[in-house]
Structures are given as C-alpha cells and as structure tokens.
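J.: Below, each chain spelled out in residue letters.
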Amino acid sequence: MNTLKKLLTGFVWACATLGYTVASADSVKIGFVTTLTTPAGVIGQDMVDAVNLAIEDIGGKMGDLDVELMVEDDGFKPEIGKQKTDKLVKQDDVDFVAGFIWSHVLLASQKSALDAGKFLISSNAGPSQLAGELCHENFFSTSWQNDQTPMAMGEVLNQQGVKSLYIMAPNYAAGKNMVAGVERTFQGKVLGKDMTKWGADAQLDFSAELAKAKASGAEGIFVFYPGKAGGAFIKQYQQAGLQGQIPLYSVFTVDSIALPKLQEANMEGVLGSRMTQFWVPDLDNPQNKKFVSGFKKKYGRYPSFYAAQSYDTIFLIKRAVEAVNGNLDDKDGMRAAMMKADFPSVRGKFTYGNNHMPIQNFYLREVVKDEDGVWTTKTVSTVYENHQDTYAQDCKM
Amino acid sequence: MDWNLLLTQFLNGLQLGLLLFLLASGLTLIFGIMDFINLAHGSFYMVGAYFCATLTLLTGSFVLALLMSVAGVFVVGLVIEASIVRRLYQHDHLDQVLVTFGLILCFDTLVHLIWGPEGMAIPLPRLLDGQITVGSLVFPTYRVIIIVSGLLVAIGLYVLVMKTRLGMLIRAGASNRVMVSALGVNINRLFMIVFALGAALAGLSGLLIAPITEASIGMGNEIIILAFVVVIVGGIGSIKGAFFSAVLIGLIDTMGRSYLDDFLKLFMSIQNAETAAPALSAMLIYILMAVILAVRPQGLFPPAGAR
Chain A
1 MNTLKKLLTG
11 FVWACATLGY
21 TVASADSVKI
31 GFVTTLTTPA
41 GVIGQDMVDA
51 VNLAIEDIGG
61 KMGDLDVELM
71 VEDDGFKPEI
81 GKQKTDKLVK
91 QDDVDFVAGF
101 IWSHVLLASQ
111 KSALDAGKFL
121 ISSNAGPSQL
131 AGELCHENFF
141 STSWQNDQTP
151 MAMGEVLNQQ
161 GVKSLYIMAP
171 NYAAGKNMVA
181 GVERTFQGKV
191 LGKDMTKWGA
201 DAQLDFSAEL
211 AKAKASGAEG
221 IFVFYPGKAG
231 GAFIKQYQQA
241 GLQGQIPLYS
251 VFTVDSIALP
261 KLQEANMEGV
271 LGSRMTQFWV
281 PDLDNPQNKK
291 FVSGFKKKYG
301 RYPSFYAAQS
311 YDTIFLIKRA
321 VEAVNGNLDD
331 KDGMRAAMMK
341 ADFPSVRGKF
351 TYGNNHMPIQ
361 NFYLREVVKD
371 EDGVWTTKTV
381 STVYENHQDT
391 YAQDCKM
Chain B
1 MDWNLLLTQF
11 LNGLQLGLLL
21 FLLASGLTLI
31 FGIMDFINLA
41 HGSFYMVGAY
51 FCATLTLLTG
61 SFVLALLMSV
71 AGVFVVGLVI
81 EASIVRRLYQ
91 HDHLDQVLVT
101 FGLILCFDTL
111 VHLIWGPEGM
121 AIPLPRLLDG
131 QITVGSLVFP
141 TYRVIIIVSG
151 LLVAIGLYVL
161 VMKTRLGMLI
171 RAGASNRVMV
181 SALGVNINRL
191 FMIVFALGAA
201 LAGLSGLLIA
211 PITEASIGMG
221 NEIIILAFVV
231 VIVGGIGSIK
241 GAFFSAVLIG
251 LIDTMGRSYL
261 DDFLKLFMSI
271 QNAETAAPAL
281 SAMLIYILMA
291 VILAVRPQGL
301 FPPAGAR
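Quick mapping for you: the protein sequence lines, in order, are chains A and B. Going by the working numbering, the letters in the first sequence line up with residues 1 to 397, in that order. Going by the working numbering, the letters in the second sequence line up with residues 1 to 307, in that order.
What the hints contain is simulated information worked out from the structure, not anything from laboratory work. Treat the hints with caution; some may be incorrect.
[Claimed, not checked] Far from chain A by the CB rule (all over 10 angstroms, computed), these chain B residues: (1) 16; (2) 92; (3) 110; (4) 120; (5) 142; (6) 154; (7) 162; (8) 165; (9) 289; (10) 291.
[Unchecked claim] Below 25 angstroms or equal to it, Euclidean Cα-Cα: the simulated DSS-like pairs (lysine-lysine) are: (11) A/197 <-> B/163; (12) A/331 <-> A/289; (13) A/290 <-> A/87; (14) A/176 <-> B/265; (15) A/61 <-> A/340; (16) A/214 <-> B/265; (17) A/77 <-> A/61; (18) A/331 <-> A/396; (19) A/396 <-> A/61; (20) A/214 <-> A/77; (21) A/214 <-> A/61; (22) A/296 <-> A/349; (23) A/290 <-> A/369; (24) B/265 <-> A/189; (25) A/163 <-> B/265.
All C-beta atoms in this analysis are idealised placements derived from N, C-alpha and C, irrespective of residue type, glycine included.
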C-alpha cells in the first residue's frame with residue numbers, strides 16, 4: 001500500500017514538474033500594465049495596439065518561444081497598478097512586467113516586480129527616482145527620463161530668445177519632473193506656475209489658470225498635459241484668444257491622440273505649434289518606417305509616441321530572449337543583451353546609461369498637414385544629440 | 001491689484017457655479033422632494049454631452065443638437081424613473097445608493113460600447129468660438145453663453161417653482177411629502193416629472209461643458225460629488241439654496257486656484273506655497289461644507305417648513 005502511494009505521488013509529482021517545465025519553456029510571458037478605463041484609456045489602447053502589432057510583426061515568436069501577452073488595467077490609480085503587478089508576478093509568474101504610462105503608478109508598482117526578480121520595462125513613465133537613487137539592475141526604459149524632454153524645450157526657448165515664461169502642469173510625480181526639467185535649462189524668468197489636480201478626476205477646465213497666465217504678461221506658456229487633458233487645454237487656450245498673445249510651448253501634450261480631435265473641432269491654431277520629443281513619425285530609419293506604415297495600415301491612424309515606445313518594448317524583450325536562446329532563467333545573459341541596446345529601435349541608434357535610461361537624441365517637431373490633409377508632426381531640427389538624464393549620477397550602478 | 005484679472009476670475013467662477021447649479025438643482029429636488037439619493041445623476045450629465053456631440057456631428061448645428069439632446073435626456077430620465085427608480089422610493093437610502101451606483105456602472109459601460117473609450121469633441125460654430133472684448137477685458141464668447149444660459153435657466157426655474165401650479169406642488173412636496181399625497185395629488189406623476197426635469201437639467205449642464213473639456217466616460221462621477229456638496233450647503237430641496245451655494249462654491253474654487261498661492265507666499269517660503277496651494281485650493285470647498293454642517297446643519301436656505 002505504502003509503495004503504491006509513493007509511486008502515485010512520484011507519478012503525480014513527475015507530471016506536475018514536467019507540465020511546468022513544458023509550459024515555461026514554450027512561451028515567454030509578458031505582463032503589460034497600462035490604463036484602459038477612464039478618459040486616459042485611449043492612451044492605453046494605443047499602447048496595446050502597438051504591442052499587438054509588434055507581436056504580429058515578429059510572427060508571435062521570440063526565438064523558439066511563443067509570446068504570451070497579459071494586459072492589465074491600472075485604472076489610472078497607483079494602488080490598482082500595484083495590485084495588478086502583484087497579480088502578474090505572483091499568480092501568472094510572468095518573465096517581464098512592462099507598460100506603465102504614469103510615473104506615480106510605476107513608482108507604486110516597481111517594488112513588486114523588482115523584488116520578485118522580474119525584469120521591469122517602462123514603456124513610458126520615467127520618474128527621476130527610478131533614474132537616480134532607486135535605479136535597479138533589472139529595470140529598463142524604452143522611453144526617456146521625465147526631465148529630458150522639457151530640458152530640450154528649455155533650450156529651444158533660449159534659442160528663440162524667449163525671456164519670460166508661464167508654466168502649467170498636473171500636480172503629480174511626472175508633472176513635477178517636467179517643471180524641474182524646463183526650469184533647469186530655461187535661462188529667462190518664470191513669471192508664474194500652476195500645478196493642477198490630476199488623476200481619474202483631473203481638473204480639465206483651466207479658465208482660472210489661463211486668465212492668470214495672460215495677466216502675467218509672460219512671453220510664452222509652457223505646458224505638460226498628456227492624453228485627454230491636452231486636447232482640452234489647447235481648445236481653451238484658443239477659445240481664450242491667447243494664441244496670438246502668448247505662444248504655446250508644450251511637451252507630451254500635442255500628440256497623435258489629441259490631434260485628430262483637434263482637427264475634428266477645427267482648432268487650426270495648433271498647426272505650426274512646436275514641441276520637443278525623442279521620436280517623430282517621420283524619423284528616417286527602416287524600423288520606424290516599418291512601424292509607422294504598419295500601424296497606419298492596421299489601425300487607420302498615426303501612432304503616438306506611447307505606441308512607438310511600446311513597439312520598442314517588444315523588440316527589446318525579443319533581443320534579450322534570443323540572446324540566451326530561450327533560457328529564461330539566464331537573467332544575467334538577458335540583462336547583458338538588453339544593456340547593449342542593439343535591437344532595431346524606432347528612434348534609430350541609441351545606448352543605455354548606467355541607470356538603464358536611454359542616451360538618445362531629442363528633436364524639435366512641428367504640427368503640419370500630411371499629403372492626405374491629416375494633422376501630424378514632422379521633424380524640424382535636432383535639439384540634443386545623445387543626451388543623458390541628470391539623475392544618472394545618483395545611480396550607484 | 002489687477003482689477004481686470006479679478007473681474008475675469010469672477011466671471012470664470014460664476015460660469016463654473018452656474019454649471020454646478022444646473023446639475024445640483026435637479027439633484028436637490030429629487031433628494032428633497034422624493035427623498036431619493038440618486039448617485040447616477042452624473043450619468044445624465046455624461047449622456048447629455050454624448051447626445052449633443054453625436055447630434056452636432058449629424059445635424060451640423062450645435063444649437064439644434066442642444067435642444068434635441070435636452071429633450072433626449074428628459075426621455076431617458078422618464079424611462080429610468082418608470083423602469084427602475086420608482087421601485088426604490090419605499091426602500092431605505094442604502095438600497096438607493098447601491099442601485100444607483102450600479103446604474104453608474106451600466107451607463108459608463110453602455111457609453112463605452114456605443115461611443116468607444118476615446119471621448120468626443122464638440123465643434124463649436126465660429127461665432128461662439130471667439131472672444132468678446134469689453135474695454136480691456138477679453139473673455140471667451142462661449143463662456144459668456146454658459147453664464148447667460150445658466151442665468152436664464154435659473155430664472156425659468158424660479159418662475160416654474162414660484163409661479164406655477166406644478167411649482168407649488170414641488171414646493172409643497174419638498175416641505176411635507178406625506179401631506180401632499182394625503183391631499184389627493186397624484187404624487188407618482190409629480191415624481192416622474194421632477195426626476196425627468198432634473199435629468200434634463202443635468203444633461204444640459206454636461207453638454208454645455210463638453211465643448212470645453214470634451215465628452216468622456218465617467219465625466220459625471222467626479223462633479224456629482226461637488227453637486228452633492230452644493231445641495232448640502234444650500235439646504236436639501238431648496239432651488240434658491242442650490243443657486244446661491246453653487247455660485248458660492250464656483251467662486252471659492254476659482255478664486256482659490258487664482259489667488260491662494262500668492263496669498264500663501266505672504267507668510268511661507270515660495271516653494272512651500274507652491275506645493276501647498278494646489279492641495280489647499282482643492283480642499284477649500286470641503287472645508288466650507290464642514291463649517292456649514294457644524295454651524296447650520298440644515299443648509300443656508302432650507303425649504304420652508306422642512307423637517
């Protein structure tokens with residue numbers, strides 16, 4: 001009886017282990033945390049669309065392994081983002097946790113993924129903490145550090161001879177980084193600053209702030225309003241008649257998510273407005289051409305920078321998995337492969353700094369009509385070449 | 001002191017207050033007369049905005065779409081009242097909260113299914129999209145339209161409530177519901193009309209803000225909290241109270257956002273003031289509510305004879 005029991009247990013154990021190894025060797029599991037509900041859900045949708053396109057473009061395979069994608073909705077809330085990350089790490093036992101639009105959500109979730117020994121890849125958020133003192137060997141970014149884009153904008157403002165500025169941004173982790181970034185490089189005077197309420201119940205009516213900006217007499221207004229708030233801001237800026245009076249300089253506000261709706265509402269004032277960014281749809285490299293034309297063909301619209309970063313995320317992971325021939329336990333091998341940053345990126349060639357943030361170019365881009373009359377952005381000039389974020393020096397890696 | 005800026009901010013505050021009034025007037029009637037807590041009132045605000053966005057695109061006329069949408073939300077209000085809300089009058093507040101919270105989820109999902117997740121912009125006619133200049137004061141035309149229509153509706157409601165038979169019944173209902181039905185008034189029909197009227201006003205409020213902020217899913221869920229604050233500060237069931245407290249709250253919110261950081265800078269470091277001001281200005285209205293509840297729990301203008 002006893003032997004039979006032993007045999008049975010042994011058999012069950014063997015099956016279980018065998019089943020487990022087969023499953024884990026057959027696929028690479030990627031957890032993707034983004035926002036799919038609330039008005040910001042449109043950003044998350046753009047990212048998921050790009051991820052699906054990337055998986056389709058690589059034939060659903062990384063080396064010999066199948067790609068298994070698990071998308072989770074953070075509801076624009078840090079606590080939910082953390083719960084979903086915990087679920088991906090503990091229940092689904094994913095190999096990579098990626099995504100994250102919002103800096104505060106990423107900051108709340110990072111520990112869950114990193115403590116479990118998983119790779120964490122930010123497809124958008126670039127909070128200063130993770131670039132500096134909280135930097136981690138298993139954290140990589142396919143986007144930028146928050147301060148970099150507004151720093152480039154500060155340089156542009158200096159070049160254009162803007163002497164005074166009014167600043168508006170949402171009151172959360174990334175908003176503070178954006179303001180710090182532009183203040184670091186802008187040499188003129190900051191005449192006023194408003195940090196507005198953010199989150200699922202963000203402030204969308206900026207009447208009081210716009211009136212203050214106008215009364216301040218500043219030569220320019222700098223804003224950071226990602227997603228839906230961007231469209232709302234541009235509309236009110238134009239309705240308030242500020243267009244001819246205070247030129248608008250923005251980061252992450254006028255993108256291919258806001259532009260179709262601005263076009264729908266005939267907000268022609270946005271044509272010609274300029275912003276800085278690490279990527280533009282017209283960047284001349286083979287991977288970007290493949291991505292932009294593939295995305296337009298599949299979804300009938302221009303991809304946003306969120307989509308570009310998400311597309312890169314899949315190719316970065318693919319590079320890591322192929323470097324170790326699908327042996328997902330070889331973390332050191334995968335890390336070394338990702339460090340090289342030699343996967344085909346939509347931004348062209350770049351390198352990783354010691355904190356695993358990209359060292360990359362930043363461009364000035366302008367809103368134009370394309371040949372079909374659709375509003376998009378095109379490259380004007382290169383503001384920074386191979387720019388590294390300032391927090392890298394605080395990272396002990 | 002920049003008087004021009006002060007006047008502009010006053011108008012901005014008035015505009016916000018009037019939008020809140022449109023939303024809160026229906027809420028206070030439903031709460032006061034029917035003793036019904038309708039968390040889903042914000043859903044009518046959202047539905048109004050989506051109706052108007054769709055109809056503007058179909059008809060090409062914002063004004064026409066506005067009128068059709070208000071009528072449309074009135075009908076939605078009638079249907080919801082007859083099919084769901086009517087069964088809840090006899091239940092306690094907790095049941096009402098549960099069911100109307102469920103309604104919010106249903107409305108949000110339904111809007112997601114019909115219109116998709118990305119929200120809708122409402123294009124304004126050129127005439128409304130510019131600015132009005134009076135002396136050195138420049139103010140967006142559309143916000144003037146909101147102020148004017150808000151005031152017109154307030155006057156209309158005043159006439160309806162104070163000068164008509166329906167209004168008399170509404171006032172009587174707010175003061176003593178049991179007595180009104182004991183006098184042989186068809187209370188069911190009165191409730192139905194009040195509910196649909198409240199829904200239509202909420203829809204009007206939502207479609208008026210949509211050209212500024214876009215129609216989006218869940219847009220009513222945050223502002224409904226503010227609307228409840230308006231109702232409580234003004235006195236439950238009182239239109240007059242809703243009007244004054246809505247304008248008061250609109251002004252406090254706008255003025256807080258405009259001047260609080262300058263004010264705090266007088267006795268704080270610039271950096272501390274910049275961090276504290278946004279947090280404090282978001283709290284101001286709730287502080288006001290707490291004070292009112294402490295010193296005058298029945299609200300500023302409770303309806304005559306209300307218990």
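J.: Which hint numbers does the structure go against, in order from smallest to largest?
T.: 1, 4, 5, 11, 12, 13, 17, 19, 20, 21
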